[in-house]
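Those sequence lines, one after another, are chains A and B.
Mapped onto the numbering used here, the consecutive letters of the first sequence carry residue numbers 13 to 142.
Mapped onto the numbering used here, the consecutive letters of the second sequence carry residue numbers 184 to 331.
These are computed hints drawn from the structure, not numbers from a lab.
For every residue, glycine included, the Cβ atom is placed at its ideal position computed from N, Cα and C.
A hint or two may mislead.
Some chain B residues well away from chain A (every beta-carbon gap over 12 Å; in silico) [what the hints assert, rightly or not]:
# : residue
1 : Asp189
2 : Val259
3 : Met265
4 : Ser290
Chain B regions said to be covered by chain A (calculated; three or more residues, Cβ under 8 Å) [to be verified]:
# : region
5 : 205-215
6 : 239-248
7 : 307-318
Chain by chain, the residues run as shown.
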Amino acid sequence: MSYTVGDKTPEIRVTPDKYLPHRYAGASGDFNPIHIDKEFAQMVGLPNTILHGLWSLAQVQRAAIQAAGNDPTKVKTLSGQFRGMGQPEVEVVVTGEITTVEESGEAIIHLEAAQGDTRIIRNATAIIEP
Amino acid sequence: MAIKTDAVGKTYPPVEYVVGTEKIREYTAATFDDNPLSNDEDAAKAAGYAGLVAPPMFAVVFSSKAAVPAMFDPEVEMNFAMMVHGAQDFTFHKPVVAGDRITTTASVKSIEASGGKGFYVYTTESVNQNNETVVSADWTCIVRGVEA
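Next comes chain A alone, as it looks inside the complex:
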């Protein structure tokens, strides 16, 4: 694959259903009750259960994989910051853009994930191989 600065990553739009955090808890092993127990979440001051940050980052990962010709083994790095709280039953939109193409052909992508005006993953960066 060759990459071009300014190219956008394929847009990911996905709505996690009410029980998605339970399935992700089982798949990932992260059973922190703020993600799966509304009463517990409210007891610690949250409005409701919140999405796992690493689930949201996995949606960013999907955009990076698709940008790399749909080859998961071409994703060499992925990082991101968890800020706004992600909510179940609200559409997540992942956008990204290639900001640098190295001489080696590797591309650096900057991405983010948002629910409406709330950016739930900020300053995400991925490096993908040619």
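Assemble the complex: chain A is given as a structure, and chain B must be docked to it using the hints.
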């Protein structure tokens, strides 16, 4: 609460994990990842892999089993009630494939206070059965109400 940094550099016992085909499928289903290499054994084998290729972030599944005990280490004294997962940083060195036997070692990379918050960074290093590093990760936890 004053921050305690004694645990910086501490390394924890390695944790072994065997990557299973259905576990990869469970992870891809929960993350809506329909990539053929990670879901269809025939597609993975046609591409030259011994089995399903784990999505890069499947690393969460095996490396958290090493990272979480480090986070809960009483010697670190991280206040969970005030903690959020602040950031995550992965470097993927080699693909992870169903059947791989992955060994992950966690350590405390840094503990710093800044602006009334504590920044606890844990690192995990995962190697496969051939002793090749497959993924390294930094896990940043941010704790409110911490002074230098």
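Is it the case that B:Asp189 keeps its Cβ farther than 12 Å from each residue Cβ in chain A? Its Cβ never comes within 12 Å of chain A, the nearest being 26 Å, so this holds.
Whether B:Val259 stays farther than 12 Å from all C-beta atoms of chain A, as the label says: holds (17 Å)
Coverage criterion applied to the region 239-248 of chain B (partner chain A; beta-carbon cut 8 Å; 3 residues): holds (count 6)
Cut-off 8 Å, C-beta pairs, minimum 3 residues; does the coverage of the region 307-318 of chain B by chain A stand? Answer violated; 0 residues pass the 8 Å Cβ test.
Taking the shortest Cβ-to-Cβ distance between B:Met265 and chain A, state whether it exceeds 12 Å. The assertion about B:Met265 is violated, with a minimum of 10 Å to chain A.
Is the listed coverage of the region 205-215 of chain B by chain A valid when you require three or more residues with a beta carbon under 8 Å from a beta carbon of that chain? holds (count 7)
Classify the label on B:Ser290 as holds or violated, using whether its beta-carbon is more than 12 Å from each beta-carbon of chain A. Non-interface label on B:Ser290 holds, nearest chain A Cβ at 19 Å vs cutoff 12 Å.
In the structure shown, a violation is registered for the earlier hints numbered 3, 7, in ascending order.
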